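Listed below are the residues making up each chain.
There are 2 protein chains.
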Amino acid sequence: MFHKRLFHSSRAALYNTLTPLTHLKHSHLQRNPNFAKITDKDIEYFKGILSSNNILYDPDPESLELRQHNTDWFNLYRGSASLCLFPTSTEQVSSILKYCNQRSLAVVPQGGNTGVSGGGIPVFDEIIINSSKMNKIRHFDDVSGVAVVDCGVILENLSQFLEKKGYIVPLDLGAKGSCHIGGNVSTNAGGLRFMRYGSLHGNVLGLEVVLPDGTILDNLSTLRKDNTGYDLKQLFIGAEGTLGYVTGISLLTPRLPNAVNVAMVALDSFETVLKAFVMAKEDLSEILSAFEFWDVDSVDVVKSQQISDVSYPIEGKHAFYALLETQGSNGDHDQEKLDAYIARLFDTGVAKGGVLAQDTKQADFFWSWREKIPESIAKSGTAMTYDFSMEVPLLYKMIEDTRDYFNQKGLLGKDKLFSNLIGFGHLGDGNLHLMANLNKFSENGQKLMDDYAFDWAIKHNGSISAEHGIGVAKVGYMNQAKSDVQLRLMRSLKDVIDPKGIMNPYKIIPKE
Amino acid sequence: MFHKRLFHSSRAALYNTLTPLTHLKHSHLQRNPNFAKITDKDIEYFKGILSSNNILYDPDPESLELRQHNTDWFNLYRGSASLCLFPTSTEQVSSILKYCNQRSLAVVPQGGNTGVSGGGIPVFDEIIINSSKMNKIRHFDDVSGVAVVDCGVILENLSQFLEKKGYIVPLDLGAKGSCHIGGNVSTNAGGLRFMRYGSLHGNVLGLEVVLPDGTILDNLSTLRKDNTGYDLKQLFIGAEGTLGYVTGISLLTPRLPNAVNVAMVALDSFETVLKAFVMAKEDLSEILSAFEFWDVDSVDVVKSQQISDVSYPIEGKHAFYALLETQGSNGDHDQEKLDAYIARLFDTGVAKGGVLAQDTKQADFFWSWREKIPESIAKSGTAMTYDFSMEVPLLYKMIEDTRDYFNQKGLLGKDKLFSNLIGFGHLGDGNLHLMANLNKFSENGQKLMDDYAFDWAIKHNGSISAEHGIGVAKVGYMNQAKSDVQLRLMRSLKDVIDPKGIMNPYKIIPKE
Numbered sequence: 001m002f003h004k005r006l007f008h009s010s011r012a013a014l015y016n017t018l019t020p021l022t023h024l025k026h027s028h029l030q031r032n033p034n035f036a037k038i039t040d041k042d043i044e045y046f047k048g049i050l051s052s053n054n055i056l057y058d059p060d061p062e063s064l065e066l067r068q069h070n071t072d073w074f075n076l077y078r079g080s081a082s083l084c085l086f087p088t089s090t091e092q093v094s095s096i097l098k099y100c101n102q103r104s105l106a107v108v109p110q111g112g113n114t115g116v117s118g119g120g121i122p123v124f125d126e127i128i129i130n131s132s133k134m135n136k137i138r139h140f141d142d143v144s145g146v147a148v149v150d151c152g153v154i155l156e157n158l159s160q161f162l163e164k165k166g167y168i169v170p171l172d173l174g175a176k177g178s179c180h181i182g183g184n185v186s187t188n189a190g191g192l193r194f195m196r197y198g199s200l201h202g203n204v205l206g207l208e209v210v211l212p213d214g215t216i217l218d219n220l221s222t223l224r225k226d227n228t229g230y231d232l233k234q235l236f237i238g239a240e241g242t243l244g245y246v247t248g249i250s251l252l253t254p255r256l257p258n259a260v261n262v263a264m265v266a267l268d269s270f271e272t273v274l275k276a277f278v279m280a281k282e283d284l285s286e287i288l289s290a291f292e293f294w295d296v297d298s299v300d301v302v303k304s305q306q307i308s309d310v311s312y313p314i315e316g317k318h319a320f321y322a323l324l325e326t327q328g329s330n331g332d333h334d335q336e337k338l339d340a341y342i343a344r345l346f347d348t349g350v351a352k353g354g355v356l357a358q359d360t361k362q363a364d365f366f367w368s369w370r371e372k373i374p375e376s377i378a379k380s381g382t383a384m385t386y387d388f389s390m391e392v393p394l395l396y397k398m399i400e401d402t403r404d405y406f407n408q409k410g411l412l413g414k415d416k417l418f419s420n421l422i423g424f425g426h427l428g429d430g431n432l433h434l435m436a437n438l439n440k441f442s443e444n445g446q447k448l449m450d451d452y453a454f455d456w457a458i459k460h461n462g463s464i465s466a467e468h469g470i471g472v473a474k475v476g477y478m479n480q481a482k483s484d485v486q487l488r489l490m491r492s493l494k495d496v497i498d499p500k501g502i503m504n505p506y507k508i509i510p511k512e
Numbered sequence: 001m002f003h004k005r006l007f008h009s010s011r012a013a014l015y016n017t018l019t020p021l022t023h024l025k026h027s028h029l030q031r032n033p034n035f036a037k038i039t040d041k042d043i044e045y046f047k048g049i050l051s052s053n054n055i056l057y058d059p060d061p062e063s064l065e066l067r068q069h070n071t072d073w074f075n076l077y078r079g080s081a082s083l084c085l086f087p088t089s090t091e092q093v094s095s096i097l098k099y100c101n102q103r104s105l106a107v108v109p110q111g112g113n114t115g116v117s118g119g120g121i122p123v124f125d126e127i128i129i130n131s132s133k134m135n136k137i138r139h140f141d142d143v144s145g146v147a148v149v150d151c152g153v154i155l156e157n158l159s160q161f162l163e164k165k166g167y168i169v170p171l172d173l174g175a176k177g178s179c180h181i182g183g184n185v186s187t188n189a190g191g192l193r194f195m196r197y198g199s200l201h202g203n204v205l206g207l208e209v210v211l212p213d214g215t216i217l218d219n220l221s222t223l224r225k226d227n228t229g230y231d232l233k234q235l236f237i238g239a240e241g242t243l244g245y246v247t248g249i250s251l252l253t254p255r256l257p258n259a260v261n262v263a264m265v266a267l268d269s270f271e272t273v274l275k276a277f278v279m280a281k282e283d284l285s286e287i288l289s290a291f292e293f294w295d296v297d298s299v300d301v302v303k304s305q306q307i308s309d310v311s312y313p314i315e316g317k318h319a320f321y322a323l324l325e326t327q328g329s330n331g332d333h334d335q336e337k338l339d340a341y342i343a344r345l346f347d348t349g350v351a352k353g354g355v356l357a358q359d360t361k362q363a364d365f366f367w368s369w370r371e372k373i374p375e376s377i378a379k380s381g382t383a384m385t386y387d388f389s390m391e392v393p394l395l396y397k398m399i400e401d402t403r404d405y406f407n408q409k410g411l412l413g414k415d416k417l418f419s420n421l422i423g424f425g426h427l428g429d430g431n432l433h434l435m436a437n438l439n440k441f442s443e444n445g446q447k448l449m450d451d452y453a454f455d456w457a458i459k460h461n462g463s464i465s466a467e468h469g470i471g472v473a474k475v476g477y478m479n480q481a482k483s484d485v486q487l488r489l490m491r492s493l494k495d496v497i498d499p500k501g502i503m504n505p506y507k508i509i510p511k512e
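Chains as they are written, first to last, in the UniProt record's numbering: chain A, 1 to 512; chain B, 1 to 512.
Chain A on its own, in the form it takes in the complex (with noise of 0.2 Å):
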């Protein structure tokens, strides 16, 4: 068994209703004649390069070990590769891509399977390359903080790995345990540290990847400034795997704090989560590190999942809640600060209820109330998930349009046809997570949600990803969400650079 990190104990009784293949609930795609199919000769050659156990093949692609590289993790997205591989080295990604270019074979890159937009999921027969076996940390300098890693490091081992030398991530999401870093770095990953450490964009200084014809660039700079020409690994970061296979990444990583502090507070209205967010980054400034929030619904899901009984950290029934997370050199002035805050959100009668975490193991618990929202609604039912970035003010609003949309007509509640709909997020970054459960699957449905949540997101000038990429999830709504004129660069930069287009075909650019 691969990836036993991934899966849970709790997915394991999703395998029995399989969802259906990408490709029939989005009916518009279509399998690239241009494509190869991969015959003996081809597992030939790849046994030639990787030694038989980094090589799973199997004719039938829903062979119990096969399904795991070809289903997501929420279960929405199933492709049909017969084969995937497990290079152990940038050589070998090289010497793959340059065999599967020229015999013209689709592959897809896949890190630790926790995208939610069907990304690193095949949508056909797509090869798969898995970065599982790449997972070295190669070099750690602890007087410049920078870290040189392999793709397949799990972000979770990387943050334990630095931790220990005195630094941590720029970066903490919910699936850190599973992820890998190359896949966070192709997606552009934003999460939990968003807000103070920023993009991706910004803390990445270099990149190896492999070009789709087996090319290594080798771009992996440890330096914090470099004007020497075009800053191409800037192409790579966030291209989903559409461009070159990200093998190797150096990053900047930011000095463990000495105090970290939580506190959870409950509101009674968007306004006063507002409100506080404002009052937060004027109090706390510079040592805030998180603003996150969500509705009294997602408590309810993540209720409704806990196996042992334990009680919510604010007592009575709110609104909304928010989290939020110091991170500082001082600890007295850190306190200090949050003392004053917590002090003006119930002076100002902005705040309903607070609590402020004792300990570590409490602060863990006030994280787990956020951290456990999507993995609750995932196992409350088919779930839809998205995220939205916009102004702001108008987060909650979405939710709000939404739910009165499909109230009016008849579509939400228990025993309807979305059961619940939730709205959480990170609002610092004015980033939301609006998820939901479908009753049972039903391409309608989902296409129903996605066409009111994505038409109002691009109505209000956001962005119908603000951080899980477009995969194959959301190809569909490019020619709404974007310009002529930057579809059709983006064209040019693949076109150029994959020109058979093997680089996890369908994703990302709709067709002409």
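Source of the hints: derived by calculation from the structure; they are not laboratory data. Treat the hints with care, as some may be off.
It does not matter which identical chain is meant; a pair holds if it fits inside one copy or across any two.
What the hints assert, rightly or not - With a cut-off of at most 20 Å between alpha-carbon atoms, the simulated SDA-like pairs for lysine to any residue come out as follows:
id : residue 1 : residue 2
1  : K281      : V260
2  : K317      : Q305
3  : K98       : D484
4  : K372      : D300
5  : K275      : P254
6  : K281      : S144
7  : K500      : R488
8  : K511      : L232
9  : K164      : F140
10 : K281      : E163
These numbers were taken from a predicted model, which means no experiment stands behind them.
Could you slot chain B onto chain A? The hints should help.
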């Protein structure tokens, strides 16, 4: 007269000794015969687009008005443009480029003309498209802190505008009184706040760019997070105008800090400079916003050019000086952290002298000793300026090795080929500026220094351009600094976006 701000009275003198034409100094550069030459019909066309006071045409490129655009601030580069256009809108830039592309007329985008690599100066007769008349702040949102501005807004003007709103530009540099934000983006300027706020690749949220064929790419997002396809704006950040003309910028701006403190410290060796830096990262952490250093030779150069007899902030003579700045939300907390840091510097014997600015005026005075270094050396004769990045511990070894090398050859010293050689820079970013004066301009002298310094940097895994860009100054060294794969990919991008090569030719990418 254009650009009154730029041309300090002290610069006027330099016009008596015009530097030789760039293509004579860099004799490998030859005019691309595919480019058309300007005809009367072309001038007529431009008169149809622009009002007559926005067209500067003179068949004599050495006319007083054209000189300002044909020559750079340091008087190191000189071109022969007979036409300089001052568009006032994106649409005008579009019409100009569409026409130039059809006619195969080469162009060079020019901002405040403060670049030091010759990137904004024509090499031959390229038409200059200057951004000084596109200088509106289009929009500012004081909730999100996102500013949308024209390319020609002067950095200091934006800074003053934002400070009134409670925000700051995440970028500050000595040339702020003249440089344009479009030029900053195009060279990916680093500057004095980089350590705290990071790269423009992280802070620029969107760009409006006119592509070489006149197409307007509206990528002017104001969203902090947006993963909808390739992050196209990244292509143009640091491309030095070779891929398109940046007309609009959407920028995330940080909040104005409540408290700013500045200290200057005297140190006796580069080793103790490093110790002071590591301690600053430990003690000041999230509030440390700048850590600059310079050597005693830099002080001598500034003193030699001071008009009034102002005394240096620290008594005695020391080998090195460091300036450090903190920016934070709570003045008392910051002061306490800074006091503890300064005390530690003295207790451990790391610092030999030091002084804390008592007010803004004094802080500005301390900063002026750092900011005046480049200007002073420029006034001292023909100046050569370099900016390298490398591992922090190596930074000053480069200066020492270079001095040793030229001392041994008898070329360094009063009345010798190089009259002086100084080192200073942004220690926090691993960014060193080496500057030297040539007693009188000599192509050979420039080449001797270039060869030695660029070789040294490349051998030590450094960058030959941390922040100044390649322009025409370093294009001859790109074959050493970059791999064939990197150069090939850069060429592919250039060819696909600018097939006729009209945008800022001869820059960045060496001829094959």
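We went through each hint and held it up to the structure:
Taking identical chains as interchangeable, the C-alpha atoms of K281 and V260 lie at most 20 Å apart whether they share a chain (17 Å) or sit on different chains (17 Å). In the homo-oligomer, the alpha carbons of K317 and Q305 lie at most 20 Å apart inside one protomer (18 Å), although the nearest pairing across protomers, at 70 Å, exceeds that limit. In the homo-oligomer, the alpha carbons of K98 and D484 lie at most 20 Å apart only across protomers (18 Å), although the nearest pairing inside one protomer, at 32 Å, exceeds that limit. In this assembly of identical chains, K372 and D300 lie within 20 Å of each other by CA distance solely inside one copy; the values are 11 Å within and 62 Å between copies.
Taking the shortest alpha-carbon separations for K275 and P254, only the inter-copy value of 19 Å comes in at or below 20 Å, while the best intra-copy value is 29 Å. For the homomeric pair K281 and S144, the shortest alpha-carbon distance between copies (11 Å) is at most 20 Å, but the shortest distance inside one copy (28 Å) is not. Taking the closest pair of Cα atoms, K500 and R488 come within 20 Å of each other both inside a single copy (17 Å) and across two copies (18 Å). Taking the shortest alpha-carbon separations for K511 and L232, only the inter-copy value of 19 Å comes in at or below 20 Å, while the best intra-copy value is 25 Å.
In the homo-oligomer, the alpha carbons of K164 and F140 lie at most 20 Å apart inside one protomer (12 Å), although the nearest pairing across protomers, at 42 Å, exceeds that limit. Proximity of K281 and E163 under a CA criterion of 20 Å is satisfied inter-copy only: 17 Å between copies versus 27 Å inside one chain copy.
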